[in-house]
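Go by the hints and put chain B onto chain A.
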Amino acid sequence: MENAIQVTGLVARYGDREILKDISFFIPRGMTTVILGGSGCGKSTLLKHLIGLLKPTQGQIKINGKNIAALNENELNEVRKKMGILFQGAALLNSMTIADNVALPMREHTRLEETTIQIMVRMKLDLVGLSGFEEFYPSQLSGGMKKRAGLARAIALDPELLFFDEPSAGLDPITAAGLDELILKLRNVFKMTIIVVTHELPSVFTIADYVIMLDAGEIIFSGTLDELRASVHPRIKMFLERQPEQETYSPEDYFRIIAGE
Amino acid sequence: MPSTAENILNSAVRKARSISRDIHDASKIINDIFFWSFISPLKGKPLRFRASINEMVKAGYNSVPIVAVISFFIGIILAFQAAYQLKRVGALIYVANLVGVSITRELGPIITAIIVSGRSGSAFAAEIGSMKAAEEVDALISMGINPVRFIVVPKLIALMVMVPALTIFSDFIGILGGFVLSVTILEIHPVNYFLQTVNALLVKDVMTGLIKAWAFGIVITTVGAYQGFKVTGGAEEVGRRTTAAVVASIFLVIVFDLFFTTMFYYFT
Numbered sequence: 016m017e018n019a020i021q022v023t024g025l026v027a028r029y030g031d032r033e034i035l036k037d038i039s040f041f042i043p044r045g046m047t048t049v050i051l052g053g054s055g056c057g058k059s060t061l062l063k064h065l066i067g068l069l070k071p072t073q074g075q076i077k078i079n080g081k082n083i084a085a086l087n088e089n090e091l092n093e094v095r096k097k098m099g100i101l102f103q104g105a106a107l108l109n110s111m112t113i114a115d116n117v118a119l120p121m122r123e124h125t126r127l128e129e130t131t132i133q134i135m136v137r138m139k140l141d142l143v144g145l146s147g148f149e150e151f152y153p154s155q156l157s158g159g160m161k162k163r164a165g166l167a168r169a170i171a172l173d174p175e176l177l178f179f180d181e182p183s184a185g186l187d188p189i190t191a192a193g194l195d196e197l198i199l200k201l202r203n204v205f206k207m208t209i210i211v212v213t214h215e216l217p218s219v220f221t222i223a224d225y226v227i228m229l230d231a232g233e234i235i236f237s238g239t240l241d242e243l244r245a246s247v248h249p250r251i252k253m254f255l256e257r258q259p260e261q262e263t264y265s266p267e268d269y270f271r272i273i274a275g276e
Numbered sequence: 137m138p139s140t141a142e143n144i145l146n147s148a149v150r151k152a153r154s155i156s157r158d159i160h161d162a163s164k165i166i167n168d169i170f171f172w173s174f175i176s177p178l179k180g181k182p183l184r185f186r187a188s189i190n191e192m193v194k195a196g197y198n199s200v201p202i203v204a205v206i207s208f209f210i211g212i213i214l215a216f217q218a219a220y221q222l223k224r225v226g227a228l229i230y231v232a233n234l235v236g237v238s239i240t241r242e243l244g245p246i247i248t249a250i251i252v253s254g255r256s257g258s259a260f261a262a263e264i265g266s267m268k269a270a271e272e273v274d275a276l277i278s279m280g281i282n283p284v285r286f287i288v289v290p291k292l293i294a295l296m297v298m299v300p301a302l303t304i305f306s307d308f309i310g311i312l313g314g315f316v317l318s319v320t321i322l323e324i325h326p327v328n329y330f331l332q333t334v335n336a337l338l339v340k341d342v343m344t345g346l347i348k349a350w351a352f353g354i355v356i357t358t359v360g361a362y363q364g365f366k367v368t369g370g371a372e373e374v375g376r377r378t379t380a381a382v383v384a385s386i387f388l389v390i391v392f393d394l395f396f397t398t399m400f401y402y403f404t
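If you read the sequences in order, they're chains A and B. Under my numbering, the residue at position 248 of the first sequence is numbered 263, and the numbers go up by one with no gaps. Under my numbering, the residue at position 188 of the second sequence is numbered 324, and the numbers go up by one with no gaps.
Please keep in mind that the hints were generated in silico from the structure rather than gathered at the bench. A couple of the hints might just be wrong.
[To be verified] Facing chain B, a subset of chain A residues (Cβ under 8 Å, in silico):
| id | residue |
| --- | --- |
| 1 | ILE66 |
| 2 | LEU68 |
| 3 | ASN92 |
| 4 | ARG95 |
| 5 | LYS96 |
| 6 | MET98 |
| 7 | ILE100 |
| 8 | PHE102 |
| 9 | GLY104 |
| 10 | ALA106 |
| 11 | LEU108 |
| 12 | LEU119 |
| 13 | PRO120 |
| 14 | GLU123 |
| 15 | HIS124 |
Beta carbons: idealized from backbone N, C-alpha and C, even for Gly.
Bound-form chain A, shown alone (with noise of 0.2 Å):
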C-alpha cells in the first residue's frame, strides 16, 4: 500500500491546550480514508494541519514526500494545487455566482481560454448534478446544493487529494446519501485520494476504505472497516453502538461543582 501523507509525531497546541498528542499514521493512496471521533477529539483540528492551514507545534506531516509543516508560502501554495477541500458550510464565495465559484482556481492558476473554462465548468457541475444552476448565487442554493457546488469547486483542479470536512453535517439522509454515493464515483472513477472527517456512522460504512479513529487528541484506532468492526477497545465500541459516556459523580462531588469550588 503506497502512503499519499505520512504523520509523524504530530503535536498541535492552542495556547497551553495540547490538541493533538505526538499522533503518528498514514493515509493510503487512492483509497476513501475516514478519520472519525467525537465531537472535540481533536479531527477538525488534525484536518486544518493536513491542509496547511495550521503550522504544527511539532511533527511531520509528508504530502507526497514533502513535509508541508517546513515549506514556504509559495511551496505550500503549490502543493495546495494538487488539494481540493469540502467545508463544512461548503464555504462558496457568496459574491460569485456558482459558476465563478467553480471556475475561480481555474482562473487564478491556469492560463486556460474563457470558452474552455466555461466548458469546464460545466463538466464539474455536470458530474455534480448541478447543471443549469451556473448563474446562481450560493444564497439561492440549498444546503446540498451548497455542498455539491463546493465539490464542483473542489474537483476544478482535478486533485490528487480530495478532503471533505463532515460531508454530511446538516443533510438530510436522502441528500447525505447521494453525496456519499459522489464521494464513491470520484474513488472509482478518478482514482483521487479521499480523506473524509466525520462522525456519521451510516456514512463510514458506505465509503471508507480505510479508518482512522481519534479520541482525545491521539489515534486509538486505524485500519479496515472489518478491523474496526472486529475491535474491542471500549472507547471504539461505545463509539459503534451509540452508547453514552458514563459520567457519575458522587454526591460529594456534584456538590463540589455546584458550588463553584
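Frame of chain A, contents of chain B only:
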C-alpha cells in the same frame, strides 16, 4: 490567593501581551496589503481590475449623492458663519476666500473621508468578517489564493482612486453651496464671488487636499481589513468589529489629517 500586587502585575502582563499581538497583527496586514498591491504586480501577478471597478462603483459612485448633499450644506453653513463675522468689518466679499480655502484644504477631504469610513470602512470589515466566519477565507487560502490579494487589494485600489475623486467633487459642490448662499442671501454679485474664489485658491490648496484624501483612502481600507480579519467567532463579533472599524478609521483619519496639515504648514 495571589496578592494584589501579583494581580496587578498579571493583568499588566496580559494587557501588554494582547497589545503586542495587536501590533503584530496590524503590521502583518499592512505588510501584506502593500506587498500584494505594489510589489507583486511588478513580479507579474496581475491585479484584479474588474473587481476593483466593482468596488469603485460600490464605494465611490454610490456615495456621490450623500457626499453632494453634505458638502452642499457644509458650504452654506461655512458661508453663513463667515458672513457673521466678516459683515461687521465690512469685508463680506472675503466669504469667498474663506469658503474656498477651507473647503479645498480641509473640509472637502475630511467630510469625504468620514462618509467613506461610515459607508465603506464598515462594509469592508463586515464583508471580510463574515467571510472569515463562513470559512470563505480558509477556502481561499486552501485554493492557494492569498485572501489579502483577492479581497483587500481591489478595495484599496478603489479607495485610492475614489476618495480623491469624491474629494474633488465635494470641493466643487461645497464651493457651490457657499456661492448659492452668497449670491442670494448675502447679495454678493456672482461675478465678484467667482473672481474672488479663483484669486483666493491656489493649485497647492487643492493638491494638499487630494494628497490627504489619497492617504485617507489607504487608512480606511487598512482599518476595515484589519478589523475584518480579526474576526474569529460568529455574527456578534462581526458586528463588534464593524463598529470598531468605523470608530478607528474616523479617529485615524483625524490623526493623519493633523499630521499632514502640520507637514503642509511647514513645507509648502
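We went through each hint and held it up to the structure:
| no. | hint | result |
| --- | --- | --- |
| 1 | ILE66 | holds, 5 Å |
| 2 | LEU68 | holds, 6 Å |
| 3 | ASN92 | holds, 4 Å |
| 4 | ARG95 | holds, 4 Å |
| 5 | LYS96 | holds, 5 Å |
| 6 | MET98 | holds, 7 Å |
| 7 | ILE100 | holds, 5 Å |
| 8 | PHE102 | holds, 5 Å |
| 9 | GLY104 | holds, 6 Å |
| 10 | ALA106 | holds, 4 Å |
| 11 | LEU108 | holds, 6 Å |
| 12 | LEU119 | holds, 7 Å |
| 13 | PRO120 | holds, 5 Å |
| 14 | GLU123 | holds, 5 Å |
| 15 | HIS124 | holds, 7 Å |
Taken one by one, the earlier hints all hold for this structure without exception.
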